[in-house]
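Asks: Residues per chain, in single letters:
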Amino acid sequence: MKWLRIIHLIHGVLFSVMLLTGLFLFMSGTRTWFNQIGFPLVQFHLVIACGYLLLTVASLARVKRYLLKKPRIKKFNFYFNTIFFFTWSISGILMYFQASLPAEIRNGAVVVHDWATFLFLPWVGAHIIGHLFKVHLPWPSWWKKQVPLPPSIQENQLERRDFLKLFGFTFVFLLIGGGVKWITPILSVANSETKRRGYFRIYNVTNEIPSYPNNDWVLKIDGLTNKEVEVSYYDLLRLPSTTIIDDFHCVTGWSVTNVEMKGVLLKDLLKAYEIEVNGEFVTAYSGDETYFDSFVSKQLIEEESYLVYEMDGQPLKSVQGYPCRLYQPNMYGYKSVKWLVRIHVKDSREIGYWQQSGGYDLDGYL
Amino acid sequence: MGTYRPLKKVMIPIVSLLIALSITLWLLPSRMDHQWKQLLARTKQWETTSYQIDSTFMYDKEKATTERGEWSLQKSHYQIAAIVSDDSSFDFQVYFEDEAFFVLSGDQWYQNKVNTRFVEELAPLDQPFEWVRQLLDEADKIEVITHGEQVKYKVGFNDFNEYDFRGSMLKEQEQSTLIISVIDNQIKSIVFDVQPIRPESVGILDRYPRHLLYTIEFNPVKDVEFQLPKDAYESELIN
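Chains as they are written, first to last, in full-length UniProt numbering: chain P, 1 to 366; chain L, 1 to 239.
In case anyone wonders, no lab produced these hints; they're calculated from the structure.
A quick note: this is a predicted structure, and the numbers were derived from the prediction, not measured.
All residues carry an ideal CB built from backbone N, CA and C; glycine is no exception.
Please note that the accuracy of each hint is not assured.
[Claimed, not checked] Below, computed lysine to aspartate or glutamate pairings styled on EDC-like, alpha-carbon distance capped at 16 Å:
{"no.": "1", "chain 1": "L", "residue 1": "37", "chain 2": "L", "residue 2": "138"}
{"no.": "2", "chain 1": "L", "residue 1": "9", "chain 2": "P", "residue 2": "304"}
{"no.": "3", "chain 1": "L", "residue 1": "113", "chain 2": "L", "residue 2": "126"}
{"no.": "4", "chain 1": "L", "residue 1": "113", "chain 2": "P", "residue 2": "304"}
{"no.": "5", "chain 1": "L", "residue 1": "8", "chain 2": "P", "residue 2": "155"}
{"no.": "6", "chain 1": "P", "residue 1": "271", "chain 2": "L", "residue 2": "236"}
{"no.": "7", "chain 1": "L", "residue 1": "113", "chain 2": "P", "residue 2": "159"}
{"no.": "8", "chain 1": "L", "residue 1": "9", "chain 2": "P", "residue 2": "159"}
{"no.": "9", "chain 1": "L", "residue 1": "154", "chain 2": "L", "residue 2": "140"}
{"no.": "10", "chain 1": "L", "residue 1": "8", "chain 2": "P", "residue 2": "162"}
{"no.": "11", "chain 1": "L", "residue 1": "171", "chain 2": "L", "residue 2": "143"}
{"no.": "12", "chain 1": "P", "residue 1": "267", "chain 2": "P", "residue 2": "208"}
{"no.": "13", "chain 1": "P", "residue 1": "181", "chain 2": "L", "residue 2": "33"}
{"no.": "14", "chain 1": "L", "residue 1": "141", "chain 2": "L", "residue 2": "174"}
{"no.": "15", "chain 1": "L", "residue 1": "152", "chain 2": "L", "residue 2": "184"}
{"no.": "16", "chain 1": "L", "residue 1": "44", "chain 2": "L", "residue 2": "193"}
{"no.": "17", "chain 1": "L", "residue 1": "9", "chain 2": "P", "residue 2": "155"}
{"no.": "18", "chain 1": "L", "residue 1": "141", "chain 2": "L", "residue 2": "33"}
{"no.": "19", "chain 1": "P", "residue 1": "267", "chain 2": "L", "residue 2": "86"}
{"no.": "20", "chain 1": "P", "residue 1": "262", "chain 2": "P", "residue 2": "235"}
[As the list claims (entries may be wrong)] To be clear about the criterion: a stretch of chain L counts as covered by chain P if any three or more of its residues have a C-beta under 8 Å from a C-beta of chain P, and this derived list gives those stretches:
{"no.": "21", "segment": "15-28"}
{"no.": "22", "segment": "127-138"}
Please build the complete structure, drawing on both the sequences and the hints.
Replies: Rendered as structure tokens:
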């Protein structure tokens, strides 16, 4: 019993830390705050998750043996927790290895991971309040004590034949429903393949979002170029624009598909201003005065990158990088520097913000 | 009032019904869904082949342009005749190469990138199968008619989400169809027959069609090859 109490306590502490760090990662404000103070929240969450995983796997069999002799509520708690444990573990592992998985799977993993947490929160709340304040919910006695079931519950216990009936009925209803739908003259898949799916989670490294009232934004292009140029917002709008519909991928696993982005190809801007790039590397700086990332010049020019100023037919929102953000279609979102204010051409490569503090890949290819 | 005991006798069929209903609504296709997906997949298969193309655009039953040339995913070229009057036409040649296009009119070359208004006016000559896929996104119904080896996909449209076809903004439709004829799995023709309802946003004095008819015929060829002169690459931009 003492052993189980210790396990329960360690489990509770690890779980609480993991839940809190997970929620901090989910919420844009707290995530940004941890970025600002330089705390590696993602890595911390992962380390705690590994400890939680090892502890749970090591104690699962023994806890099960103990709880299965206990009242039904204890058994329920055991199975309920076990289901969520495996849901978090599997979706978490998929999120960790997301770079080698298709977008549908990694998006699904992120959604399942998030929703499992939200669905589990009421149980956690009730469990903690029950323990801390000795509050007992008015469960019937057969649920919380080892007593025989009342007839109304006994007769409704599910048996093998009930599951067979469930599958049988479902199969028959599926045949009928599928047949009816097949002959019904409706076309529901049109437009579904190109529909915008997913939503943006806003990640910043500072809580102060740069603002440009009256569009007083300027993009400076300097360094190893034949000339130094400053491009205003209105100059940018006057250049020939290009619109692409592309899938936006975040390195943390989520994606937004079929995002329409309008902007100017960097190579078109360079051509229009007759700028010659004489350096092998480029550093792109954000107007938040903190974030920056670096590229090989040809990644932005020959492979084509965009200076995006519209998304889905609307000017960018402040949190999306208004008035202009960089976008390289073959790279993860962290390479798309928001509030782009400077493109600095150099002969050596800078190590970008997330490469320094998050261990992200320098090139960030999908 | 009857007492249903045990309750599971009632609950099991209800739960089964709900599960089946959910699967049917979300996962199972209708016949039209299946045909739509089949056609979409076929467009991707067809665009791997090169074709000789003959097309005609009729505006209010008057011939507006005729186009003849060869198409492939990377390179295409066309001889285009824009009808000016009964006995005269404005002729020019258009070449598509990767992301650029080149126009030879008289002895003069022009060029630009494909995403310009000029190419929109020539659509779907640059990417006919991409154009079909765009239209499929707007489809309201689809029907497959089979006669021996010939299969016709008839796609119907009730309205478009502001679709610009050769300078005419299409919204609500009276009876518009896209008919794709296939023989032995090879595409033979596309007929886009449009009977639009004049949008209220179009001014009284502005020209708006009562009927548009666009026909393209496809004949497979081995490859599309051409070599553009240096003048083409050094020519001035056209919008």
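Asks: Hint by hint, note whether the structure agrees.
Replies: Quick rundown of the hints versus the structure:
For a cut-off of 16 Å, the pair hint linking residue 37 of chain L to residue 138 of chain L stands: about 13 Å separates their Cα positions. Distance hint between residue 9 of chain L and residue 304 of chain P is unfulfilled; the C-alpha atoms sit about 64 Å from each other, more than 16 Å. As the CA atoms of residue 113 of chain L and residue 126 of chain L are separated by approximately 12 Å, the hinted pair is consistent with the 16 Å bound. The hinted pair formed by residue 113 of chain L and residue 304 of chain P meets the criterion: a straight-line CA distance of about 14 Å does not exceed 16 Å.
For the given pair, residue 8 of chain L sits about 8 Å from residue 155 of chain P by alpha-carbon distance, which is consistent with the 16 Å threshold. Taking the CA atoms of residue 271 of chain P and residue 236 of chain L, the gap is about 15 Å. The hint holds against a cut of 16 Å. Between residue 113 of chain L and residue 159 of chain P the CA atoms are separated by roughly 68 Å; this puts the pair beyond 16 Å, and the hint is violated. For the hint pairing residue 9 of chain L with residue 159 of chain P, the CA-to-CA distance comes to about 12 Å; that is within 16 Å, so the pair holds.
For the given pair, residue 154 of chain L sits about 11 Å from residue 140 of chain L by alpha-carbon distance, which is consistent with the 16 Å threshold. The suggested pairing of residue 8 of chain L with residue 162 of chain P holds, with an alpha-carbon distance near 8 Å, which does not exceed 16 Å. Simply put, residue 171 of chain L and residue 143 of chain L have alpha-carbon atoms about 22 Å apart, too far for the 16 Å limit, and the pair is violated. A distance of roughly 31 Å separates the Cα atoms of residue 267 of chain P and residue 208 of chain P; the hinted pair therefore is violated under the 16 Å criterion.
The hinted pair formed by residue 181 of chain P and residue 33 of chain L meets the criterion: a straight-line CA distance of about 10 Å does not exceed 16 Å. Taken as a hint, the residue 141 of chain L and residue 174 of chain L pair is honoured in the structure, with Cα atoms around 14 Å apart against an allowance of 16 Å. With a CA separation close to 11 Å, the supplied pair residue 152 of chain L and residue 184 of chain L stays within the 16 Å bound. For the hint linking residue 44 of chain L to residue 193 of chain L, the alpha-carbon distance of about 23 Å lies beyond 16 Å, and the restraint is violated.
Proximity of residue 9 of chain L to residue 155 of chain P is assessed by CA-CA distance (about 10 Å); at most 16 Å being required, the pair is judged to hold. A hinted pair counts as satisfied when its Cα atoms are at most 16 Å apart, and residue 141 of chain L with residue 33 of chain L qualifies at roughly 9 Å. Our distance criterion of 16 Å between C-alpha atoms is broken by residue 267 of chain P and residue 86 of chain L, whose separation comes to about 46 Å. Simply put, residue 262 of chain P and residue 235 of chain P have alpha-carbon atoms about 15 Å apart, close enough for the 16 Å limit, and the pair holds.
Only when three residues or more bring their CB closer than 8 Å to a CB of chain P does the claim for the segment 15-28 of chain L stand; here the count is 10, and the claim holds. Proximity of the segment 127-138 of chain L to chain P, defined as three or more residues with a beta carbon under 8 Å from a beta carbon of that chain, is established by the 3 residues found.
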